[in-house]
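Top line first, the protein sequences correspond to chains A and B. With my numbering, letter number 4 in the first sequence gets 4, and the count goes up by one each step, no holes. With my numbering, letter number 281 in the second sequence gets 281, and the count goes up by one each step, no holes.
Below 20 Å or equal to it, Euclidean Cα-Cα: the simulated EDC-like pairs (lysine to aspartate or glutamate) are:
| # | chain 1 | residue 1 | chain 2 | residue 2 |
| --- | --- | --- | --- | --- |
| 1 | A | Lys55 | A | Glu68 |
| 2 | A | Lys32 | A | Asp46 |
| 3 | A | Lys7 | A | Glu49 |
| 4 | B | Lys43 | B | Asp206 |
| 5 | A | Lys80 | B | Asp121 |
| 6 | A | Lys32 | A | Glu49 |
| 7 | B | Lys219 | B | Glu363 |
| 8 | B | Lys120 | A | Glu53 |
| 9 | A | Lys55 | B | Asp121 |
| 10 | B | Lys64 | A | Glu47 |
| 11 | B | Lys64 | A | Asp37 |
| 12 | B | Lys219 | B | Glu367 |
| 13 | A | Lys7 | A | Glu68 |
| 14 | B | Lys64 | B | Asp53 |
| 15 | A | Lys55 | A | Asp67 |
| 16 | A | Lys21 | A | Asp37 |
| 17 | A | Lys29 | A | Glu3 |
| 18 | B | Lys64 | A | Glu10 |
| 19 | B | Lys64 | A | Asp46 |
| 20 | B | Lys120 | A | Glu47 |
| 21 | B | Lys120 | A | Glu50 |
| 22 | A | Lys7 | A | Asp33 |
| 23 | B | Lys120 | A | Glu49 |
| 24 | B | Lys43 | B | Glu208 |
| 25 | A | Lys80 | A | Glu68 |
| 26 | B | Lys120 | A | Asp46 |
| 27 | B | Lys64 | A | Glu50 |
| 28 | B | Lys64 | A | Glu49 |
| 29 | B | Lys64 | A | Asp19 |
The hints are simulated quantities; they were obtained by calculation from the structure and are not laboratory data.
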Amino acid sequence: MSELRVKLLEIIASYAPPDAKPEAFAAAKTIKDLPLDSIALLGAFDEIEEQYEIKFAGAATPDMTIDEFEAMLARLIAAKDA
Amino acid sequence: MREVVITGVGLETPMGNTLEEVRACYLRGESVVSEFPMGTSDKPRAASWIRRDVNQGLPTSLVKMIDRSVVLALHASDRVMADAGLVPGGFDPFRVGVQVGCGVGGVESMYTTHQALALKDHMGPFAILKQLPNAPASHISIRHGLRGETTIHTVACSSAASALGGAFRMIRHGYLDQCIAGGTEAPLGESLVRAWEAMRVLARVDPENPAATCRPFSKNRTGVVLGEGAALFMLESEEHARARGARIYARIAGYGAAADAAHITLPDRTGQAAAMRAVLADAKLAPSDIGYINAHGTATAQGDIIETQSTREVFGADAGRIPISSTKAIHGHLLGGSGSIELLSLLIALNDGVLAPTVNLDEPDPECDLDYVPNQARTGVHIAAAMNNSFAFGGSNSCLILTR
Numbered sequence: 001m002s003e004l005r006v007k008l009l010e011i012i013a014s015y016a017p018p019d020a021k022p023e024a025f026a027a028a029k030t031i032k033d034l035p036l037d038s039i040a041l042l043g044a045f046d047e048i049e050e051q052y053e054i055k056f057a058g059a060a061t062p063d064m065t066i067d068e069f070e071a072m073l074a075r076l077i078a079a080k081d082a
Numbered sequence: 001m002r003e004v005v006i007t008g009v010g011l012e013t014p015m016g017n018t019l020e021e022v023r024a025c026y027l028r029g030e031s032v033v034s035e036f037p038m039g040t041s042d043k044p045r046a047a048s049w050i051r052r053d054v055n056q057g058l059p060t061s062l063v064k065m066i067d068r069s070v071v072l073a074l075h076a077s078d079r080v081m082a083d084a085g086l087v088p089g090g091f092d093p094f095r096v097g098v099q100v101g102c103g104v105g106g107v108e109s110m111y112t113t114h115q116a117l118a119l120k121d122h123m124g125p126f127a128i129l130k131q132l133p134n135a136p137a138s139h140i141s142i143r144h145g146l147r148g149e150t151t152i153h154t155v156a157c158s159s160a161a162s163a164l165g166g167a168f169r170m171i172r173h174g175y176l177d178q179c180i181a182g183g184t185e186a187p188l189g190e191s192l193v194r195a196w197e198a199m200r201v202l203a204r205v206d207p208e209n210p211a212a213t214c215r216p217f218s219k220n221r222t223g224v225v226l227g228e229g230a231a232l233f234m235l236e237s238e239e240h241a242r243a244r245g246a247r248i249y250a251r252i253a254g255y256g257a258a259a260d261a262a263h264i265t266l267p268d269r270t271g272q273a274a275a276m277r278a279v280l281a282d283a284k285l286a287p288s289d290i291g292y293i294n295a296h297g298t299a300t301a302q303g304d305i306i307e308t309q310s311t312r313e314v315f316g317a318d319a320g321r322i323p324i325s326s327t328k329a330i331h332g333h334l335l336g337g338s339g340s341i342e343l344l345s346l347l348i349a350l351n352d353g354v355l356a357p358t359v360n361l362d363e364p365d366p367e368c369d370l371d372y373v374p375n376q377a378r379t380g381v382h383i384a385a386a387m388n389n390s391f392a393f394g395g396s397n398s399c400l401i402l403t404r
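Isolated chain B, as found in the complex (with noise of 0.2 Å):
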């Protein structure tokens, strides 16, 4: 089995587009979440979403047939092509694979066609292709040349993580050398934002200040903000890596995946903590060796709770040890998006020593009575491994853990 590592970053986040911008962001200890406008409806609500036109750049003629999670990804991909420093003739184009994950990706543009069709009989022959769900990951393959596996995985929340999972195998077990991998997601259309209200998963957002309407673990939360954004890495055999001289950013040291097998939306820990004694089992760490954890940390009523009871389970004594954040206060839940944009905060606390905050995080809920790095980042910190949860509706469960 050969050794995987991180050798590119490739973001399109409401953070910003570079590790810089994110580690900035997690000092201030500020959410770029703020009030969100949508359609003709005055009712307030609140998400993480980016302001430029993220069409610039990208052909005219590409962007009538794709969906905003797809152009997201585009620009991540040619960020992660970049930083990894991978130019065209400069790679084995079969070597080179895409796993991205994306839980939502082509529903809103599925939306808009439905309402054409109701509203003006009309049916436009980009319908399929905007819906497509392998369209991230193809259109990123096409961008790029490169002809390794390429592959969507839609795991709802799980979806990114599931992503880095698969590239972190089909490398360590031979089948390619290269793969960019992580995830997208563009979920705030009207469609899909009030799907999730009807569901009443979405936080109420916070009158005097919308930054501060997402709450993990906090013992006045009230739900899920939506944000979008896509952040990419590339994942490489290490002996590729050395062998061409690459910068590396950390280690994939193993992936764990586990199933609820319980219910559609309520998380249980059983599955939770089978998922995190897998990516333990598969990186050959004990529970005292990780020195950081990024949570899933939606602040839903239950979910902050199951999962707190659920890290007890799996990490015992050492479980009030650890600094674990919920970066979700700060980016929002970029939904299938959203192992990958948290992985950042790995990366930055292996290589930086600092621990983003969980923002938001003035009264804690008793019952969440964990080190959740409440509101101010931690500087000058040394861990050799960190962890990342992404726990699915659906009851997929799915841990990544870096090290060094």
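Chain A on its own, in the form it takes in the complex (with noise of 0.2 Å):
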């Protein structure tokens, strides 16, 4: 795993409640498998673009995947370095 997904993934667990299953976050494969709610989503999607100082939060679909979410931050964090 990559850091930057270990980063990412470290972040949206802060959002999720109590009960979700740690593993749950490796074994997720899409943005909607993630064990949280759209509302906390969206809070961990503002840190993680506090955070790398970028902007995706309409770009990341339920639907699109984590490898997917991740290569699209990697870009935005290579753009903005760049």
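Hints are included, so try docking the two chains, each in its own frame, into the full complex.
Encoded structure:
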């Protein structure tokens, strides 16, 4: 798992309810598989945007895979740092 | 009509989180007000504040979307549920309600939101949730699975008293069997503190002794000292409480409320007196039956004098006989939470015979000439009925009477 994905899942997990199983994050294939409700997910996206100083929220859809999500963020971060 | 009793207490306060700690605080005659550092300002400030990291013990995901006033309320709600002996599956959730008073609630969170908007053009997705006025009551309901009527009372400094009165009436008239009721407030952020300062309501900090800054009924009083905290009670029908063998702390004998209909900030003796008469009538008690009063006593120039006058008006010849204290000098003014933190002094008076003192009362104002229990708690006192007064900006006055 890439360093970026570990960080992303760490942020997302901090918005999950206490009864969410830790393995559910690594097992999630798409965004909608993550064990968070929609408002919590928005909170996580907001923190990711703040932390990496990027904007993506509208582009992250429920059916987007975690791989696609990570790749999109990697591109945005690289563009910002370029 | 059913009798209503108190069967649980839950606290998160600067005095401590148990009745024993609060009683010890009264007995020491010490204020928990202290110097309060705020932001980058070096202006001296005093407040009563909770030093522990209150976010500990709550899920991080929850803390991220709630105001501090909700955090304090949730801790107090855990304790009141435990103290009352309510465990999941052990009660009918549709018969247990939540009535919470909160005067300013998420206003500080709103300020932080607006700051981010102004400085960074950023609006977080939790902005609404953090400001939601009913959040304290709703989060308690969610946390404990309580499905009875759940309401927030926002009546400035009478909020908690209004919540307790509302819960009392709901149980008395059979709408609920049990109800978590009380108040919470966390007003010690920069925007709120400075807003109160701009209104010139806050006391000048005593540079030698910040704990002596709040001086109700004193000649040298200079105003309000803010505080934070939550105090919640389990109200219950007596029949229900006895059937399950619950410990009973006290009986709520009556609730009375009345409006000044006069001015948005200046208190009015007629409105205050009307609320005191209303609670006496509701409790079917005479002024001579009251053995202790916890005054609103905010230490403002006008407020303390007018409360003295309204008390005299209602209690007549008995006014001078009744011990009255303002515990705000000890724990600060919790605004919407004040009516509940102050109810603790009634429980302690009725159950332990300890009357809370009005600390920092070295030089009484000649116009505040009642027995304000100066500086030292009284012990070994036997009283049968006690009254709590809450008088709010906007002229909303609420009074409660507890009996043994």
